Amino acid sequence: MFNKRHVLSMREFSREEIDSVLDLAASLEPYARGKKSETLSGKILALLFFEPSTRTRMSFETAMKRLGGSVINLGPAEGSSISKGESLADTVRVIGGYADALVIRHPKEGSARLASEFSPVPVLNAGDGAGHHPTQTLLDLYTIKKESRLEDLSIALVGDLKYGRTVHSLAYALSLYGADITLVSPPTLRMPEPIKADLSSKGTAVRETCDLGEVISGVDVLYMTRIQRERFPDPVEYSKVARSYRITPEFLAKARENLIIMHPLPRVDEIAPSVDETPHAKYFQQSFYGVPVRMALLKMLICGGD
Amino acid sequence: MSETGQRGEPRELRVKPIRNGTVIDHIAGGQALNVLKILGISGTTDATVSVVMNVESGKLGKKDIVKVEDRELLEEEVNRIALIAPAATINIIRDYEVIEKRCVDLPEEIVGVVRCQNPSCISNTSEPIRSRMLVKAKNPVLLRCLYCEQPLTDKIADYLI
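Chains as they are written, first to last, in our numbering: chain A, 1 to 306; chain B, 1 to 161.
Simulated from the structure, these hints should not be mistaken for lab results.
Predicted, not measured: the structure shown is a model, and the values here were computed from it.
Treat the hints with care, since some could be wrong.
[Claimed, not checked] Mimicking EDC-like on lysine to aspartate or glutamate, the simulated pairs with C-alpha atoms at most 16 Å apart in a straight line are:
no., chain 1, residue 1, chain 2, residue 2
1, A, 196, B, 149
2, B, 136, A, 61
3, A, 84, B, 127
4, B, 136, A, 12
[Stated by the list, open to error] With beta-carbon atoms standing in for the labels, derived distance ranges:
no., chain 1, residue 1, chain 2, residue 2, range
5, A, 163, B, 153, 18 to 28 Å
6, A, 85, B, 54, 20 to 30 Å
7, B, 30, A, 188, 47 to 57 Å
8, B, 153, A, 272, 41 to 51 Å
9, B, 76, A, 33, 53 to 63 Å
10, A, 303, B, 126, 35 to 45 Å
11, B, 105, A, 11, 21 to 31 Å
12, B, 76, A, 258, 48 to 58 Å
By construction, the Cβ of each residue, glycine as well, lies at the ideal position given by its N, Cα and C atoms.
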């Protein structure tokens with residue numbers, strides 16, 4: 001079911017392909033928790049992070065090592081060939097000769113696709129500018145499947161829906177499962193029209209509102225995102241908006257009993273720390289699920305097939 | 001069929017018929033220079049090129065015509081014209097006779113013709129790649145950059161390379 005050479009964009013995934021990744025991830029969870037595996041013993045993963053990253057980079061590193069493989073790093077960009085003006089195409093060709101797969105994060109949109117055209121080995125996109133971050137979407141779907149359900153799902157995507165790349169990919173993937181999606185954002189941070197049009201063309205029911213209180217009692221999943229201060233020229237306007245999208249235990253009084261709260265992290269103020277103790281909080285679990293999902297992708301790409 | 005009227009009477013032609021080459025007719029009024037750009041025909045060309053702009057057309061209101069002498073344009077070259085002139089017709093002329101007449105039809109992918117409008121796209125850097133646009137819809141034309149996946153619908157002519 002899974003015969004991809006690269007993982008670049010969620011647009012290239014069918015529902016069946018997503019399901020095969022999630023199924024394999026589930027079977028790898030014990031290994032993600034420490035059970036010994038030699039599946040990728042002798043294999044090398046190269047991490048090419050041209051932008052800072054903590055959790056994505058470490059999660060890929062963990063995934064590779066949990067499968068018995070090893071990791072090489074590009075290192076700080078200023079000390080590498082990049083500062084000498086080498087093209088990404090050349091960098092990828094060279095490092096592709098050292099490793100069995102490449103993980104790339106780069107500020108330019110489409111850079112992972114370019115890397116895949118020049119790399120002799122599989123490429124995994126770990127975020128290309130404001131573009132795609134497919135492994136985040138897959139771990140989000142895995143979390144929803146494990147902690148809630150993917151069928152007949154009602155989900156609210158909350159916060160910065162304009163610039164947040166994770167919500168664009170997630171909304172697209174959820175449309176493959178026929179989810180009922182509510183978009184909750186301040187008017188200035190609404191989801192871009194072309195993305196909404198794309199969802200509608202797939203028959204996905206999409207509602208839009210500014211009022212989170214209006215939707216809290218009717219959803220299975222609250223997917224929170226960070227609203228960045230720099231998006232607002234007026235600090236007063238920022239604090240007003242940030243306050244209105246802050247989740248507290250009191251706010252959750254009207255929520256469904258089995259509601260789960262997700263967040264790609266890092267969070268700032270959008271979820272009060274006291275929510276962490278409630279059964280609704282799944283964002284740290286979500287973060288952990290990045291390991292088995294990335295293990296599944298590495299195994300599929302490096303070993304081939306499923 | 002020759003470059004004459006239906007009853008064989010000579011039409012009132014602003015540019016004389018060509019002996020051999022390609023006539024691109026039914027270009028939307030004002031788009032002839034963009035058609036030349038798409039075909040890679042610049043001011044330094046050796047070819048004899050005639051451009052007629054804004055003549056009356058029953059079908060289009062106003063249309064442009066481009067005649068390129070002694071060059072039979074290939075199908076993949078002319079199909080790119082559909083980006084800005086979807087109604088264009090291509091006539092291949094040999095010894096004053098139209099030996100082939102066809103409409104333009106956009107291919108599934110356009111390479112190296114239209115720049116991505118996204119300034120943050122990797123295709124707008126000095127990397128050794130050409131722009132690649134996937135044709136998602138033909139009428140109206142909707143392109144999607146293969147690299148950053150941003151759509152391009154309006155003002156495609158502004159992004160011709």
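* To do: Determine whether the Cβ-Cβ distance between residue 30(B) and residue 188(A) falls within the hinted range of 47 to 57 Å.
  => violated (37 Å)
Subject >> Hint check for residue 153(B) and residue 163(A) - Cβ pair distance inside 18 to 28 Å >> reply: holds (21 Å)
**Asked** Do the alpha carbons of residue 84(A) and residue 127(B) lie within 16 Å of each other, as the hint requires?
**Response** This hinted pair holds, its Cα atoms lying about 14 Å apart.
Check: Between residue 303(A) and residue 126(B), does the C-beta distance stay in 35 to 45 Å?
Finding: holds (36 Å)
- Query: Is residue 136(B) close enough to residue 12(A), meaning Cα to Cα at most 16 Å?
  - Reply: Roughly 15 Å between the alpha carbons, so the hint for residue 136(B) and residue 12(A) holds.
(message) Checking one constraint from the list: CA of residue 196(A) to CA of residue 149(B), max 16 Å. Satisfied?
(response) holds (15 Å)
- Note whether the CB distance of residue 153(B) and residue 272(A) lies within 41 to 51 Å or breaks it. The hint (41 to 51 Å, Cβ to Cβ) holds, given that residue 153(B) and residue 272(A) are roughly 43 Å apart.
Item to complete: Verify the proposed pairing of residue 136(B) with residue 61(A), using a straight-line Cα cut of 16 Å.
Response: violated (37 Å)
inquiry  = Against the range 21 to 31 Å, how does the distance between the Cβ atoms of residue 105(B) and residue 11(A) compare: consistent or not?
reply    = At roughly 25 Å between Cβ atoms, residue 11(A) and residue 105(B) fall inside 21 to 31 Å, so the hint holds.
- Query: Is it true that residue 76(B) and residue 33(A) lie within 53 to 63 Å of each other by Cβ?
  - Reply: holds (55 Å)
Between residue 76(B) and residue 258(A), is the Cβ distance one that fits in 48 to 58 Å?
-> holds (56 Å)
Original post:
Could one say that the CB atoms of residue 85(A) and residue 54(B) fall in the range 20 to 30 Å?
Top reply: With a Cβ separation near 48 Å, residue 85(A) and residue 54(B) fall outside 20 to 30 Å, so the hint is violated.
Hint compliance for this structure: hints 2, 6, 7 are broken, all remaining hints hold.
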